[in-house]
Amino acid sequence: MLMKTTTQQSLLQLDAVCARLGKKDFGPFNLTIAKAEKVAILGPSGAGKSTLLKLLSRELKTSRGNVAFQSRALASWSLMELSRLRAVLPQNSDVAFGLETDLVISLGRVSRAHDPELSNIVRQAAGMAHAAHLLGRRFDSLSGGEQARVQLARIFAQLWDQRDGLILVDEPLAALDPGLQFDLLASLEEYATERQHAIVAILHDINHAMQAFERLLLVKNGQLVADIASNREAVPALEDLYDIALTCIHNEEGDLLVTPLRASSRARKSA
Amino acid sequence: MKASVSMAGELPQSLHAKRVQGSRPGLLLVLAISLIAALLLSVQFGAVPVKLQDWLTLFNFSDEPMTGSSYVLWNIRLPRALFAVLVGAALGMSGALTQGLFRNPLADPNLLGVTAGAAAAAGLSIVVLSGLPLPIPMSWRMWILPVTAFSGALLVCFALDRVARWISPGSIVGLLLTGIALNALAAAVLGLCTYLATDEQLRNLSFWTLGSLAGASWLAAGLLLTLLLPAWWWVRRMISAMNALALGEAAAAHVGIDVRRLRSQVIVLVAVLTGFAVAWCGMISFISLVAPHLVRTMGGPDQRQVIPRSMLMGGLLLLVADTVARCIAIPAEVPVGIFTALLGSPFFLILLRNARGRLA
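From first to last, the protein sequence lines are chains A and B. Going by this note's numbering, 19 is the number at position 14 of the first sequence; the sequence numbering is gapless. Going by this note's numbering, 661 is the number at position 257 of the second sequence; the sequence numbering is gapless.
Hints are computed from structural coordinates only; laboratory data are not their basis. Hints are supplied without guarantee of correctness; some may be wrong.
Simulated crosslink set (SDA-like; lysine to any residue; CA at most 20 Å straight-line) [claimed, not checked]:
hint, chain 1, residue 1, chain 2, residue 2
1, B, Lys455, B, Val434
2, A, Lys66, B, Ala442
3, B, Lys455, B, Leu433
4, A, Lys66, B, Ala654
5, B, Lys455, B, Cys731
6, A, Lys66, A, Gln228
7, A, Lys29, A, Gly70
8, A, Lys28, A, Arg69
9, A, Lys28, A, Lys66
10, A, Lys66, A, Lys40
11, A, Lys66, B, Lys455
12, A, Lys66, B, Leu581
13, A, Lys29, A, Ser68
14, A, Lys66, B, Leu633
15, A, Lys66, B, Trp570
16, A, Lys28, A, Gly227
17, A, Lys28, B, Trp570
18, A, Lys225, A, Glu194
19, A, Lys66, A, Arg117
20, A, Lys66, A, Ser76
21, A, Lys225, A, Ser76
22, A, Lys66, B, Asp662
23, A, Lys225, A, Gln201
24, A, Lys28, A, Gln14
25, A, Lys225, A, Leu36
26, A, Lys66, B, Ser474
27, A, Lys225, A, Glu86
28, A, Lys28, A, Leu229
29, B, Lys455, B, Ala436
30, A, Lys66, B, Val663
Since the model is a prediction, treat every value here as computed from it, not as a measurement.
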């Protein structure tokens, strides 16, 4: 019972949070991320997924409402304190001057004045992100997929020796081939589980979200339209979200897979 | 999983260790040695020949007066050469900082109008302040120019930071165009000063637009050194954070860097370095652009190495340029600013050509 309450402890809490970007309003968002929880954000393009993630990461100012991290107002955390407990992987992140990959990865730990294990952690983080062979190369000489792996390694290095942290990632798998997508998803899962880090990830692939994440946040038109467990019951909500029909398949291991069909077939189905 | 990770990591580790220990401190040493060699060599050149005995007069404690050539060596050429090195180091450092701040190798205090802003402010102080019937003590006058030049540079830096963000955040094109506008504004202010100046002020003013190290002395060199040492100490503390800035401002904040504070610190430093260099030697262009670029090409883009190497490289470049400038037309002396601009402009065009893919 005691175990249960500690794992269910709130890590990040949004309380009627709103934001305004230009003329577009987002929110209000009400949600709680528990410790070690794995949450995927899904939604059509332009729905406000990245905006929600930026509200979680304090990159965007809230126009109303409160964000609390570890039961303390997020705005009152210093950047240095936050960087020890929370890593953020933005969607497209270039690196100026073509810094070397080793240096890019080690920058995840730049706020530590004394860091004796640095080169060790950089190597292990690179290995975990399938980027060990990229060490020593210039970042700007890498392909998009390779750059994504190095950036992921930087996130891994940042929270390598921490526990109960939070990882916010915006489409970490977008530039990767299917094999690497599975490998990196497995690495991300293993990394977070070992350290009890919570993950909040924006994803495009419904199957990735269903397999590696236990909870789905569905975002549409700047609103949180559903906050559900990722199981078979989520399928109708996902169909509504993308306005498509989904066919469910079970593979030999019993994993649920979905295949999108044209919206017209769905219209036929509902008719 | 764990085992395969550590095995995969073994090869890169040995490579990594070799690279860190091998080439990296090497370039700094090579630069330092070339700088000392250039310093010793450059004092040989000039109208008056310097002999080996002249070097030894330092150890001659008798009351004999110095010979002409040893006087030239100890009181003219050496302070001049040292001054050139220190001004070059200040310019190299401000260039490396500016490029790091704006995350682009084309950003340069000169192109962005910081130097011109400092010169315009200094020009205003020459024309306006000396025209006012204020009783300013002589001992203050020496400090008025650096302080006004610093304020001009600071003003331009903050304007750049604001305006470029407002036009198009993060784009080098927006930044360079803002620089053009600020340069034009500063040129207009300088032109107004020229128009209003008396004959004597006009001579002083033309000094700023040309750039010269003729004002060198032991005192000037000493003052610049006392400025550079704390500046370097300050930069050392934020040098790793400068690397994080290369990730972009949002990502730098996520790894724990207070980007706002870092930016304003770098801006003040660039303004101090540029302002003082301009106040004492006028507008010397392109050293701040070329020095960091060369060291980055030779030894990689890690700011922890780029900044100290840029200082040495800047010192070396300006020393060579100044030696050529004062020897090419003996007994006359070409202002070194003309020289660096002649060599630097084509260099900038080459840089632009190489960066053309990223400019659009």
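Now for the hints, and whether the structure bears them out:
no., hint, result
1, B/Lys455 - B/Val434, "violated, 27 Å"
2, A/Lys66 - B/Ala442, "violated, 54 Å"
3, B/Lys455 - B/Leu433, "violated, 28 Å"
4, A/Lys66 - B/Ala654, "holds, 13 Å"
5, B/Lys455 - B/Cys731, "holds, 17 Å"
6, A/Lys66 - A/Gln228, "holds, 17 Å"
7, A/Lys29 - A/Gly70, "holds, 17 Å"
8, A/Lys28 - A/Arg69, "holds, 16 Å"
9, A/Lys28 - A/Lys66, "holds, 15 Å"
10, A/Lys66 - A/Lys40, "violated, 24 Å"
11, A/Lys66 - B/Lys455, "violated, 69 Å"
12, A/Lys66 - B/Leu581, "violated, 30 Å"
13, A/Lys29 - A/Ser68, "holds, 12 Å"
14, A/Lys66 - B/Leu633, "violated, 40 Å"
15, A/Lys66 - B/Trp570, "holds, 18 Å"
16, A/Lys28 - A/Gly227, "holds, 12 Å"
17, A/Lys28 - B/Trp570, "holds, 18 Å"
18, A/Lys225 - A/Glu194, "violated, 26 Å"
19, A/Lys66 - A/Arg117, "violated, 26 Å"
20, A/Lys66 - A/Ser76, "holds, 18 Å"
21, A/Lys225 - A/Ser76, "violated, 28 Å"
22, A/Lys66 - B/Asp662, "holds, 16 Å"
23, A/Lys225 - A/Gln201, "violated, 29 Å"
24, A/Lys28 - A/Gln14, "violated, 36 Å"
25, A/Lys225 - A/Leu36, "holds, 15 Å"
26, A/Lys66 - B/Ser474, "violated, 67 Å"
27, A/Lys225 - A/Glu86, "violated, 33 Å"
28, A/Lys28 - A/Leu229, "holds, 18 Å"
29, B/Lys455 - B/Ala436, "violated, 24 Å"
30, A/Lys66 - B/Val663, "holds, 16 Å"
Checked against the numbered hints listed earlier, the structure breaks hints 1, 2, 3, 10, 11, 12, 14, 18, 19, 21, 23, 24, 26, 27, 29; every other hint is satisfied.
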